[in-house]
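Engineer: Which chain is which? The protein sequence lines are A and B, in order.
When we follow the working numbering, the leftmost residue of the first sequence carries the number 76, and every step to the right adds one.
When we follow the working numbering, the leftmost residue of the second sequence carries the number 76, and every step to the right adds one.
One thing to keep in mind: the hints can contain errors.
[To be verified] Derived contacts from chain B toward chain A, CB cut-off under 7 angstroms, selection only:
id, residue
1, T255
2, G258
3, I280
[Stated by the list, open to error] Here are the computed lysine to any residue pairs in the SDA-like style, where the Cα-Cα straight-line distance is at most 25 angstroms:
id, chain 1, residue 1, chain 2, residue 2
4, A, K282, B, V85
5, B, K215, A, Q274
6, A, K360, B, A333
7, B, K152, B, T107
8, B, K177, A, A275
9, B, K282, A, Q274
10, B, K177, A, G270
11, B, K117, B, Q95
Simulated from the structure, these hints should not be mistaken for lab results.
Keep in mind that this is a model prediction, so the values were computed, not measured.
Ideal placement from N, C-alpha and C gives every residue a C-beta, glycine not left out.
2 protein chains.
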Amino acid sequence: MKIGWIGTGVMGAAMAGHLQNAGHELSVYNRTREKTAGLVAKGAQWAPSPAEVAAHSEIVFTIVGFPRDVEEVYLGKEGIFAAQGSCRIVVDMTTSTPSLAKTLEAAAQKRGMHSLDAPVSGGDIGAREATLAIMVGGRKAVFEEVLPLLEVFGSRISYMGEAGAGQHTKMANQILIAGTMVGVCESLLYAERQGLDQQAVIDIIGKGAAGSWSINNLGPRIVKGDYKSGFFVEHFVKDMGIALQEAAALNLSLPGLALVHQLYLAVKAHGYGRSATQALILALKALNGD
Amino acid sequence: MKIGWIGTGVMGAAMAGHLQNAGHELSVYNRTREKTAGLVAKGAQWAPSPAEVAAHSEIVFTIVGFPRDVEEVYLGKEGIFAAQGSCRIVVDMTTSTPSLAKTLEAAAQKRGMHSLDAPVSGGDIGAREATLAIMVGGRKAVFEEVLPLLEVFGSRISYMGEAGAGQHTKMANQILIAGTMVGVCESLLYAERQGLDQQAVIDIIGKGAAGSWSINNLGPRIVKGDYKSGFFVEHFVKDMGIALQEAAALNLSLPGLALVHQLYLAVKAHGYGRSATQALILALKALNGD
Numbered sequence: 076m077k078i079g080w081i082g083t084g085v086m087g088a089a090m091a092g093h094l095q096n097a098g099h100e101l102s103v104y105n106r107t108r109e110k111t112a113g114l115v116a117k118g119a120q121w122a123p124s125p126a127e128v129a130a131h132s133e134i135v136f137t138i139v140g141f142p143r144d145v146e147e148v149y150l151g152k153e154g155i156f157a158a159q160g161s162c163r164i165v166v167d168m169t170t171s172t173p174s175l176a177k178t179l180e181a182a183a184q185k186r187g188m189h190s191l192d193a194p195v196s197g198g199d200i201g202a203r204e205a206t207l208a209i210m211v212g213g214r215k216a217v218f219e220e221v222l223p224l225l226e227v228f229g230s231r232i233s234y235m236g237e238a239g240a241g242q243h244t245k246m247a248n249q250i251l252i253a254g255t256m257v258g259v260c261e262s263l264l265y266a267e268r269q270g271l272d273q274q275a276v277i278d279i280i281g282k283g284a285a286g287s288w289s290i291n292n293l294g295p296r297i298v299k300g301d302y303k304s305g306f307f308v309e310h311f312v313k314d315m316g317i318a319l320q321e322a323a324a325l326n327l328s329l330p331g332l333a334l335v336h337q338l339y340l341a342v343k344a345h346g347y348g349r350s351a352t353q354a355l356i357l358a359l360k361a362l363n364g365d
Numbered sequence: 076m077k078i079g080w081i082g083t084g085v086m087g088a089a090m091a092g093h094l095q096n097a098g099h100e101l102s103v104y105n106r107t108r109e110k111t112a113g114l115v116a117k118g119a120q121w122a123p124s125p126a127e128v129a130a131h132s133e134i135v136f137t138i139v140g141f142p143r144d145v146e147e148v149y150l151g152k153e154g155i156f157a158a159q160g161s162c163r164i165v166v167d168m169t170t171s172t173p174s175l176a177k178t179l180e181a182a183a184q185k186r187g188m189h190s191l192d193a194p195v196s197g198g199d200i201g202a203r204e205a206t207l208a209i210m211v212g213g214r215k216a217v218f219e220e221v222l223p224l225l226e227v228f229g230s231r232i233s234y235m236g237e238a239g240a241g242q243h244t245k246m247a248n249q250i251l252i253a254g255t256m257v258g259v260c261e262s263l264l265y266a267e268r269q270g271l272d273q274q275a276v277i278d279i280i281g282k283g284a285a286g287s288w289s290i291n292n293l294g295p296r297i298v299k300g301d302y303k304s305g306f307f308v309e310h311f312v313k314d315m316g317i318a319l320q321e322a323a324a325l326n327l328s329l330p331g332l333a334l335v336h337q338l339y340l341a342v343k344a345h346g347y348g349r350s351a352t353q354a355l356i357l358a359l360k361a362l363n364g365d
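Sequences are here, hints too, so could you generate the full structure?
Structural biologist: Here's what the structure looks like:
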């Protein structure tokens with residue numbers, strides 16, 4: 076199939092590569108062109124704008140940084156919706172706002188197209204190993220049509236409801252991580268201050284009722300002083316900000332999420348925006364005079 | 076071996092039962108005598124006080140409710156340390172204060188005895204299936220002597236350091252759970268308010284980077300409206316209170332734990348002290364007008 080791919084960062088490049096390996100013909104665009112080099116070397120066609128990608132594709136996938144980037148890619152002067160051509164379906168995999176997902180679906184429908192919001196979870200490892208979790212919102216029939224393509228890079232794929240439901244599910248995912256991360260970092264800080272062996276603590280508490288992916292995977296990185304591997308703080312701050320806004324729009328108070336968001340703003344303030352989320356412990360240490 | 080067992084609640088009765096099945100001779104005491112009936116029916120000897128238990132045992136295990144109960148059982152007029160006899164080792168498995176663990180070790184040594192603090196994790200299921208995690212503080216040689224008995228009801232057993240280190244490790248465990256639980260409950264509340272199918276959300280987010288024992292085991296109980304099965308809110312409030320006190324004694328600020336402690340006080344205030352920890356979502360709903 077002729078597929079367009081916009082956004083070839085660490086995640087996007089790996090995901091698009093799987094589609095390429097599966098035999099699909101790719102048109103690619105990325106703001107920083109060099110990041111498409113790997114895909115182009117394997118036969119992908121570079122396109123100079125999102126509109127040009129869409130003009131050459133039946134389906135376009137996008138995975139970019141922030142909601143404003145999504146807006147630009149879809150609604151900008153050279154955006155996907157400015158294209159002439161045969162593109163029928165667009166799938167945004169960026170973690171973005173549910174309201175923007177609804178806007179894109181409405182804009183797509185006006186053009187006789189369909190839009191899905193399909194944010195992912197699983198990080199660079201999940202993208203590389205094609206084991207991403209994908210949470211999808213939009214029309215069910217469109218989801219079913221796109222599903223075989225999603226299965227090329229995802230291993231757990233759920234249809235969650237109308238446009239925006241994929242993004243809302245991703246927000247639930249990020250709210251869950253927020254609480255878990257403050258637990259992980261405060262727990263390991265407490266252990267260190269009490270003179271315990273942090274790795275021994277992870278080994279015993281990580282397997283029981285306190286256990287989580289985060290304590291077992293990010294905990295050991297804290298022990299080793301690795302604050303680089305993982306999900307960027309600045310993206311997590313963005314996600315929590317969206318979740319808080321969406322909650323506030325429903326008059327929904329989430330005090331835990333609000334606190335963790337504030338703590339991660341402090342992580343950013345300490346210069347760790349491009350560090351991984353386990354850097355939260357560094358801000359907690361700073362709060363405590365270290 | 077002649078073993079004493081004090082505290083035959085849901086956890087203690089199951090653990091003592093495993094020792095009995097392994098062929099040990101038990102003396103038992105419990106404030107509410109009826110709760111020893113199952114063990115006595117299988118051959119355990121009822122003793123009218125902790126001192127009497129200790130008088131008939133080489134090793135005494137205790138697992139009671141609150142630190143004040145531990146004090147009574149050990150240091151009271153008819154407590155273990157008032158006993159005459161051959162008791163050499165005491166093991167407190169209650170989740171209690173690290174400072175009390177040190178006091179007990181000092182009191183034990185004065186009497187030529189040894190004390191271990193060995194709180195457990197894994198709940199009623201872990202006690203029944205003999206798969207508890209046990210975190211042990213005290214003298215290493217004493218730990219090694221007692222280890223074969225701990226292995227009768229525990230499957231992951233770690234020596235963590237001097238007296239109090241077992242309790243400190245359990246505090247790290249509870250701090251981790253605190254953060255995780257606020258994530259679980261706020262995430263599922265958000266999902267519900269956004270009209271998502273909560274179980275579908277658990278299914279997709281529980282397996283990835285947001286996953287935890289809590290979302291996968293307690294999340295479905297929330298979906299089913301089961302707020303009874305699990306760990307009592309009032310015990311969790313006690314544990315978080317101890318952790319906060321121990322942290323404050325080191326000038327250690329843990330804002331996440333402090334917030335979750337406050338939220339669980341609200342859970343208690345709503346009358347859910349004897350409900351399970353997933354009842355946190357009920358207090359969050361009340362906070363939001365439900």
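Engineer: Work down the list of hints and note, for each, if the structure agrees.
Structural biologist: For each hint, the structure was consulted:
1. At about 5 angstroms, the closest approach between the beta carbon of T255 of chain B and any beta carbon in chain A falls short of 7 angstroms, and the interface hint on this residue holds.
2. With a least beta-carbon distance of about 2 angstroms to chain A, the hint placing G258 of chain B at the interface is held under the 7 angstroms criterion.
3. The criterion of a C-beta within 7 angstroms of any C-beta in chain A is met by I280 of chain B, whose closest approach is roughly 4 angstroms, and the hint holds.
4. A C-alpha spacing of about 22 angstroms is found between K282 of chain A and V85 of chain B, which places the hinted pair at or below 25 angstroms, so the restraint holds.
5. Annotation: proposed proximity of K215 of chain B to Q274 of chain A holds, straight-line Cα distance about 19 angstroms (limit 25 angstroms).
6. Between K360 of chain A and A333 of chain B, the direct Cα distance comes to roughly 16 angstroms. Compliance with the 25 angstroms bound is thereby established for this hinted pair.
7. Note on K152 of chain B and T107 of chain B: the hinted pairing holds, with a Cα-Cα distance of about 18 angstroms set against a maximum of 25 angstroms.
8. With a C-alpha separation of about 21 angstroms, the suggested pairing of K177 of chain B with A275 of chain A holds against the 25 angstroms cut-off.
9. Restraint check for K282 of chain B and Q274 of chain A: the C-alpha separation of about 23 angstroms stays at or below 25 angstroms, so the hint holds.
10. In summary, the hint linking K177 of chain B to G270 of chain A is supported, as the alpha carbons are separated by about 15 angstroms, within the 25 angstroms threshold.
11. Using a Cα cut-off of 25 angstroms, the hinted pair K117 of chain B and Q95 of chain B holds, with the two alpha carbons roughly 8 angstroms apart.
Consistency with the previously given hints is maintained throughout, with no hint failing.
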